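Asks: Sequence:
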Amino acid sequence: MQPRSPERLQKILTLLSNRQPDLTVFMDEVHKPHNLAAIVRTADAVGIGHVHAVFPEGVRYSGHHTSSGSKRWVTTHKHDTLKSGIAEMKAQGMQVLAAHLSDKAVDFRSIDYTKPTCILVGSELVGVSDEAAELADEHVIIPMVGMVQSLNVSVATALILYEAQRQRSNADMYGECKIPQAEVDEICFKALHPTITKFCDKHQIRYPKMDEFGDIDDPEWNKLRKQIKST
Numbered sequence: 001m002q003p004r005s006p007e008r009l010q011k012i013l014t015l016l017s018n019r020q021p022d023l024t025v026f027m028d029e030v031h032k033p034h035n036l037a038a039i040v041r042t043a044d045a046v047g048i049g050h051v052h053a054v055f056p057e058g059v060r061y062s063g064h065h066t067s068s069g070s071k072r073w074v075t076t077h078k079h080d081t082l083k084s085g086i087a088e089m090k091a092q093g094m095q096v097l098a099a100h101l102s103d104k105a106v107d108f109r110s111i112d113y114t115k116p117t118c119i120l121v122g123s124e125l126v127g128v129s130d131e132a133a134e135l136a137d138e139h140v141i142i143p144m145v146g147m148v149q150s151l152n153v154s155v156a157t158a159l160i161l162y163e164a165q166r167q168r169s170n171a172d173m174y175g176e177c178k179i180p181q182a183e184v185d186e187i188c189f190k191a192l193h194p195t196i197t198k199f200c201d202k203h204q205i206r207y208p209k210m211d212e213f214g215d216i217d218d219p220e221w222n223k224l225r226k227q228i229k230s231t
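Take the sequence shown: its position 184, counting from 1, is numbered 184 in the UniProt record's numbering, and each next residue is one higher.
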């Protein structure tokens, strides 16, 4: 087996040191593939590793249209209902901000995004649903001075996320790993050993241990693999 590149492992560790586990996006029935892909791609760009979604009835999302790079680094969690999904966000201590025009909406730049934050965005046709607007802690808008009244959902999400990234960068919230070591190890392994990852997932066995260079260093796992192949 060829050894892994230490530089590759270091690049992944640097990426993970910038992950923001207390910043996420929740998509309320966003379903067009290009918008889903764009939102996930932007999430990755600002250091988000997990996004959440409720899809319209009959829509099945597999991530097929998401760029391979973004899909690899960002996990999309599908929820059965909007209410249960938002409850989960709030249970994690997140403020839920709906991108929604209402009488109580404020300029998106006036929000403190250094707090744990979930940005809630709505469908392409009707925007945030009434239920979503009711569940949100605050409503935010992007000021516009032209004839249009709204932006594409992926564009609006990108603007809000980059304001969050700007504030968090100014607060020195990037560069120090905040995700559990077990998750770091799993992400690194999947990136460095995709073929073995598929083998382990297929046979429902644990991933082998790696050394500090990302090479597999697990004699017991090699024995287990041989046993499986012989059956």
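These are computed hints drawn from the structure, not numbers from a lab. Incorrect hints may have been included.
Across the chosen pairs, the derived CB separations fall in these ranges [as the list claims (entries may be wrong)]: (1) Asp107 with Pro219: 56 to 62 Å; (2) Leu224 with Ser110: 29 to 35 Å; (3) His203 with Lys90: 33 to 39 Å; (4) Ala45 with Ala91: 44 to 50 Å; (5) Ser102 with Phe199: 28 to 34 Å; (6) Asp130 with His203: 17 to 23 Å; (7) Ala182 with Glu7: 22 to 28 Å; (8) Val184 with Met144: 19 to 25 Å; (9) Lys202 with Asp130: 22 to 28 Å; (10) Ala182 with Glu88: 18 to 24 Å.
Since this is a predicted model, take the numbers as computed values, not measurements. Where is the CB? At the ideal position from N, CA and C, for every residue including glycine.
Asks: Hints broken by the structure, by number, lowest first?
Replies: Numbers 2, 4, 5, 6, 8, 9, in rising order.
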